[in-house]
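Asker: Each chain, written out:
2 protein chains.
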Amino acid sequence: MPHTAEILLTLFAVFVAAQVGAEIAQRLRLPGVVGEIAAGCVIGPSLLGWVQISEPLEVLGEIGAVLLLFSVGLETKLDDLKKVGRLPIAVGVAGVAVPFVLGAAWAKASGFDTPKALFVASASVATSAGITARVLQDMGVLSRLESRVILGAAVIDDILAMLLLGVVTALQGGEGINVTGLILVLLQAVGFVALIAVVGTRLMRRFSRLLDAPINPLSPLTLSLAVCLGLALAASSLGLAAIIGAFLAGMAAAEADQRHTLERQLQPVMAFLVPFFFVVTGANVRLSELSNLTALGMLLVVTSLAVISKLLGSGLGAWSLGKRSALVIGTGMVPRGEVGIIVASLGKQAGVFSDTIYAIIIAMSLLTSVMASPALKALLKSETAP
Amino acid sequence: MPHTAEILLTLFAVFVAAQVGAEIAQRLRLPGVVGEIAAGCVIGPSLLGWVQISEPLEVLGEIGAVLLLFSVGLETKLDDLKKVGRLPIAVGVAGVAVPFVLGAAWAKASGFDTPKALFVASASVATSAGITARVLQDMGVLSRLESRVILGAAVIDDILAMLLLGVVTALQGGEGINVTGLILVLLQAVGFVALIAVVGTRLMRRFSRLLDAPINPLSPLTLSLAVCLGLALAASSLGLAAIIGAFLAGMAAAEADQRHTLERQLQPVMAFLVPFFFVVTGANVRLSELSNLTALGMLLVVTSLAVISKLLGSGLGAWSLGKRSALVIGTGMVPRGEVGIIVASLGKQAGVFSDTIYAIIIAMSLLTSVMASPALKALLKSETAP
Chain A
9 MPHTAEILLT LFAVFVAAQV GAEIAQRLRL PGVVGEIAAG CVIGPSLLGW VQISEPLEVL
69 GEIGAVLLLF SVGLETKLDD LKKVGRLPIA VGVAGVAVPF VLGAAWAKAS GFDTPKALFV
129 ASASVATSAG ITARVLQDMG VLSRLESRVI LGAAVIDDIL AMLLLGVVTA LQGGEGINVT
189 GLILVLLQAV GFVALIAVVG TRLMRRFSRL LDAPINPLSP LTLSLAVCLG LALAASSLGL
249 AAIIGAFLAG MAAAEADQRH TLERQLQPVM AFLVPFFFVV TGANVRLSEL SNLTALGMLL
309 VVTSLAVISK LLGSGLGAWS LGKRSALVIG TGMVPRGEVG IIVASLGKQA GVFSDTIYAI
369 IIAMSLLTSV MASPALKALL KSETAP
Chain B
9 MPHTAEILLT LFAVFVAAQV GAEIAQRLRL PGVVGEIAAG CVIGPSLLGW VQISEPLEVL
69 GEIGAVLLLF SVGLETKLDD LKKVGRLPIA VGVAGVAVPF VLGAAWAKAS GFDTPKALFV
129 ASASVATSAG ITARVLQDMG VLSRLESRVI LGAAVIDDIL AMLLLGVVTA LQGGEGINVT
189 GLILVLLQAV GFVALIAVVG TRLMRRFSRL LDAPINPLSP LTLSLAVCLG LALAASSLGL
249 AAIIGAFLAG MAAAEADQRH TLERQLQPVM AFLVPFFFVV TGANVRLSEL SNLTALGMLL
309 VVTSLAVISK LLGSGLGAWS LGKRSALVIG TGMVPRGEVG IIVASLGKQA GVFSDTIYAI
369 IIAMSLLTSV MASPALKALL KSETAP
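Line by line, the protein sequences are chains A and B.
Numbers given in this note's numbering equal positions in the first sequence, counted from 1, plus 8.
Numbers given in this note's numbering equal positions in the second sequence, counted from 1, plus 8.
Be a bit skeptical, because a hint or two may be false.
Since the list gives no way to pick one copy over another, a pair counts as held whenever it fits inside one copy or between any two copies.
[Stated by the list, open to error] Simulated crosslink set (SDA-like; lysine to any residue; CA at most 25 Å straight-line): (1) 356 x 11; (2) 331 x 35; (3) 356 x 13; (4) 385 x 225; (5) 356 x 63; (6) 331 x 147; (7) 385 x 60; (8) 385 x 223.
Worth flagging that the hints you see were computed from the coordinates, not collected in a lab.
Extracted from the complex, chain A is given alone in its bound form (with noise of 0.2 Å):
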């Protein structure tokens, strides 16, 4: 059987690689993320060419994204928000449109039409809270009024970002904008996150014990996973992407009562598939697209606006709070890391990102995440110290 021997030697490769980057990246003390796609990058066809990218591969990526998406919603909970009070939506607000507004112009300015610009620009709109929390934990400045502050903006900011995203998405199907056509996406848009949002979390508090009713005894998890799939089929088939529907089923699965099995099931089944999707999206990086300065100077560029406008933008949500803790805020926003990625790959799938834009989006996310734990590591020092 000379196609499965195949198949399980793509399979064992990707998920070896992302093994020993993931690995690699943590003992230096970075994100595990980053080196599982600097694996990719290296078994992929730009370095060592040990693994091609085959629908199958693709396939396990793509579900590997939809769970990571589930998860982050599995993470927002609507009455987190509720408590956190008005500050949080100031800075989640105003960290999304300052770099979506900036990174659209530079877009804009770089030569693409207005719908591609407005897709580069919502790629980095996304806060990775992941990386800032474990780095608040290690810290143990989890219950100062920043942490609690970022924690909170990072859950507006993935609500906006899968906004934001929605409407892009719908756009690049169409002949150009018209204010009509732009107001319909809107509408459909805000509509079907709204719904799932509010109607979806309303269901799954008040009718969660059904989730128990079928005699499996992991039924809560089979079926919040249907649900999961169920949304991303419903996201995608209405044109917006797949990971939104996968996001609000996360967002509704956080009412339920079982929440927190969820959450304890989920991890094995994601530290098995979210692997693949990592290894393809690093795989799919042309290396060479990046190797001329034209491309590093853009990259320069894309990543320098990506940490000024989220300082900005987070920044001035945050001033009633002082100068200082602005800037701890600002700071603690900076990282794109997952979503960034999944927009990235999102584009490419869709034909709107070249592979130079693709590249470049990447590395931005990952440069994000990786300069920003030693920026707040080294604000907070400096704060506690003398």
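Position chain B against the provided structure of chain A, taking the given hints into account.
Answerer: Chain B in isolation, oriented as in the chain A frame:
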């Protein structure tokens, strides 16, 4: 992104059908797997045609089968074998030998050439202890001698079935059978199984703490899964069935200190991926192949042969315990379940099994699984009654 939507539709349909099928089957007091395979028949090309078998779906199914056999291996502890003594070995060996010989004789008489006849026969040897174990547990008789003999014999049975499968798959490539070739293949299969079963388990016992060395808190699971994929690849490259490698990886992992954590964490991964295997298996069944009297007659003969040969073989092995205990043990060994189904799908993939013989073997595996529990319950009840 219509392609993404199409794939998500397939994944959603398959996953939901599996959940519904398993639930209905369990409400009818049938094993869940029967419902999942039936669901596959219903949504597959045979009936509704909602799902076409595409390459990504097949790969997901293969991953499910590999995980399934890994978990079977994880329940196979070498030390348990040493404790149970000789009786389970006699029951296991005779319970494999008699069905294999009778199955091969029937297949040869039905016109298959020798390699194919041996493949058909190997699909009818392995006992699925899971169903029996649940019945014994439900009736509170797990600690009885017969129960321990059944569960011990099922372990022997699994190992022998993998060995046989190794030999017969390797034989399919060649041009007929010659004694030298057969001995070479046998040596290769025995060598591979013995190497992993003896050396692998020892290495795992001694070095299992290394599974916890990486920073990733789920590293025992991810490393075991990497070994599982690696040994599946190794088996496949040697011309043996990939699932043999997965089974042996499970057997090695069963010796790890982290065994119970592995078992617990493997459950959610399997809950997500194994349904794809069973639904694909069901969707591959051409129901029309069973809708004529000849095929139904053949199914009757094959099923009767499978039941009688197992009763005879295992019963003879347990004869020293008396007629009644021998009957209980023989009945407990009747269900074929997962392993028979996996062998059938391997045979279909390799082009050895026609649609008819594939449908018959799947149906036989399901029928033996369905029949065994009521028969076993009746036997055990009639005993406890005055």
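Asker: If a hint holds in the structure, say so; if it does not, say that too.
Answerer: Hint-by-hint comparison with the structure:
no.: 1; hint: 356 x 11; verdict: between (28 Å within a copy, 14 Å between copies)
no.: 2; hint: 331 x 35; verdict: neither (34 Å within a copy, 63 Å between copies)
no.: 3; hint: 356 x 13; verdict: between (29 Å within a copy, 16 Å between copies)
no.: 4; hint: 385 x 225; verdict: between (43 Å within a copy, 23 Å between copies)
no.: 5; hint: 356 x 63; verdict: both (15 Å within a copy, 22 Å between copies)
no.: 6; hint: 331 x 147; verdict: within (21 Å within a copy, 70 Å between copies)
no.: 7; hint: 385 x 60; verdict: neither (39 Å within a copy, 53 Å between copies)
no.: 8; hint: 385 x 223; verdict: between (48 Å within a copy, 20 Å between copies)
Checked against the numbered hints given earlier, this structure breaks hints 2, 7; the rest are met.
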